[in-house]
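Once you have looked at the hints, place chain G on chain F.
For the protein sequence lines, the chains are F and G, in the order given.
Residues 1 to 313, numbered by the working numbering, are exactly what the first sequence covers, in order.
Residues 1 to 258, numbered by the working numbering, are exactly what the second sequence covers, in order.
Any given hint could turn out to be false.
Said to hold, decoys possible - When the alpha-carbon atoms are kept at most 30 Å apart in a straight line, the in silico DSS-like pairs for lysine-lysine are as follows:
1) G:K244 with G:K181
2) F:K82 with G:K155
3) F:K58 with G:K244
4) F:K58 with F:K312
5) F:K82 with F:K103
6) G:K181 with G:K86
7) F:K58 with G:K86
8) G:K155 with G:K181
9) G:K180 with G:K86
10) F:K82 with G:K86
Calculated from the structure, these hints are not laboratory results.
In this text, all values refer to a predicted model and were calculated from it rather than measured experimentally.
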Amino acid sequence: MAIDPATSSSPEPQAHVSRRTLLKGSAGMALGAMALSSARTGAVERTAFGASGGPPPKGKVIDCHAHLMHHSRANWEAMDRKLIEAADKLGIDQLCCSTLTPKRPATAEGFRECNRWLAEAVGRFPGRVLGYCYVNPGCGQEALDEVRRYVEERGFIGVKLYNEHTCTEPVVFPVVELAIELGVPILHHAGHSHYFNEEQPHISDSGHLAELARRYPEAMLISAHIGGGGDWEWAVKAARNAPNLMLDTSGSVTDAGMVEMAAAVVGADRVVFGCDMSMTAGMGKIRGANLSPQDKEKILSGNITRLLGRRKS
Amino acid sequence: MMIDVNAYLGHFAFRRLRHNTADSLLALMDAKRIDKAVVSSAAAITYRNSQAGNEEVAEEVSGHCDRLIPFAVLNPFYTGWRDDLKICREEFGMTGLRLYPKWHNYSLSDPCCAELIDAATERGMAISIPLRVEDNRQRSWLLNIPDVPHAEIVKLVQAHPQARFLLVNGAGYMSSALGKKDNGLPANYTIEISRLTALLANELGQLINNLGADRVVFGTGMPFTYPDPALVKLEVLDAPEPDKEKIRSQNAAAWLRL
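Same shape as in the complex, but just chain F:
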């Protein structure tokens, strides 16, 4: 990966900044103010886009779908560090993370705890971890207050919604409207199978998200993990006619042709790179996709950077 001289020589983020400056700067960090160690960027050149993977990308690499561990796991701290180490090895510069409750539906107390821990992690890994505010829309005003607080005051870059409600349910709409007001994206858990998903009866799919996107054309929606285990061909096709809906490439499924089909059907401008903790699968898919270097750069960072740049606070 080529190093941007402007970032490779940057100091670590300054310690003496006001909270508001820092919060505004968090969007700036997402756009490229992060310091990169020479060791890490060297790893990129040697690994993820190695000799058999074509030329390494010129820009940054941003994983739009990652998670930090819930603190009920005894080894959460070590697991979080391992994620950063994995990103180092794969040449991933930034990870857009959420922390989820172990069980759903999440209570307001549950998601507040997750977001508080995530905010601490953003501080522990400055410039590496960007936060999505996870809420259960069913919690109403408490969910809205949480999103506003974490986006405006703690510099979170977007909203993470899971499977408590199908995204076309009216209870979700106020969260979408608030995300529009704040100018931040929503990363929405999604999957489509040809059988009833008993474990996730309210799971959304990219068809639901396309419907939501058409209802709110100003919203920036990301349909999570086309490689997450459902019918990815269906997921890609259902997203076609919703220009403000992006597809994230994450998930453990590495079926050949997946990324190319996404780029062909919705356009490379609407595909964003993610791993969702399947790290080598996530990076390997992009490396293996038969796309131009320009399209890969859009997917690896350009598209998510464009979304994060529309922030209003």
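Showing chain G alone in chain F's frame:
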């Protein structure tokens, strides 16, 4: 040298595959610097008469035997498998056997299956068992095929100590005896890496620690899957270079008797 023990030729019933002819697969292998690949019929997974798929593969690999190593897909409950096995080994030069017990609807513990495994072993063939074909969450509305449970593999390797098993498209070995150190099982199976993690949980590293680097082999699952995730795993794997070289090719060469 890089040897992929898990590749396919032909069509799959439920999804279009690219790079599924000998020429196009070889072009992909060239691009990824993979020297040799074990190939078997993707169509035979759903053909009733799997020998038709073997015939297609034999035709495709003709002239490419220096790089493509054909394996036979056979169903021990389909009539004529003894004749088919003989043809696959003696006429088609197939050096291994692939079994799909869940897709072909039989049990690995059935006497008929044992007979096929023993017959293939007597002919010097390795026995390759894919623990899955594709993620079950994306399955067609027509079927619901479970993964092969590790417990069934454990019994299988115990029942056939002379056989050489290649376990492919599997994961989660650490939670069964198959991935545990000093597990009391015969060392007659080797594990392919395409679905193993090499970071975070790092199942690949754990398997090397528990079973030894001699028991792990490189494989991609192409053209069902991109070959690159498996390549990336080897690149980021925290292991000595001699161990990586074993995984890239040496173990497969020994297991396949190349």
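The hints, checked one at a time:
With a C-alpha separation of about 20 Å, the suggested pair G:K244 and G:K181 falls inside the 30 Å cut-off, and the hint holds. Annotation: proposed proximity of F:K82 to G:K155 is violated, straight-line Cα distance about 35 Å (limit 30 Å). At roughly 29 Å between alpha-carbon atoms, F:K58 and G:K244 fall within 30 Å of each other, so this suggested pair holds. Our distance criterion of 30 Å between C-alpha atoms is met by F:K58 and F:K312, whose separation comes to about 28 Å.
Of the supplied pair hints, the one linking F:K82 and F:K103 holds, its CA atoms being roughly 23 Å apart against a limit of 30 Å. Distance hint between G:K181 and G:K86 is unfulfilled; the C-alpha atoms sit about 37 Å from each other, more than 30 Å. Between F:K58 and G:K86 the CA atoms are separated by roughly 54 Å; this puts the pair beyond 30 Å, and the hint is violated. At most 30 Å may separate the alpha-carbon atoms for a hinted pair to count; G:K155 and G:K181 meet this at roughly 17 Å.
Restraint check for G:K180 and G:K86: not satisfied, since their Cα atoms lie roughly 36 Å apart, outside the 30 Å limit. Pair hint F:K82 plus G:K86 does not hold up; C-alpha atoms about 51 Å apart against a cutoff of 30 Å.
Violated hints for the displayed structure, listed by number in ascending order: 2, 6, 7, 9, 10.
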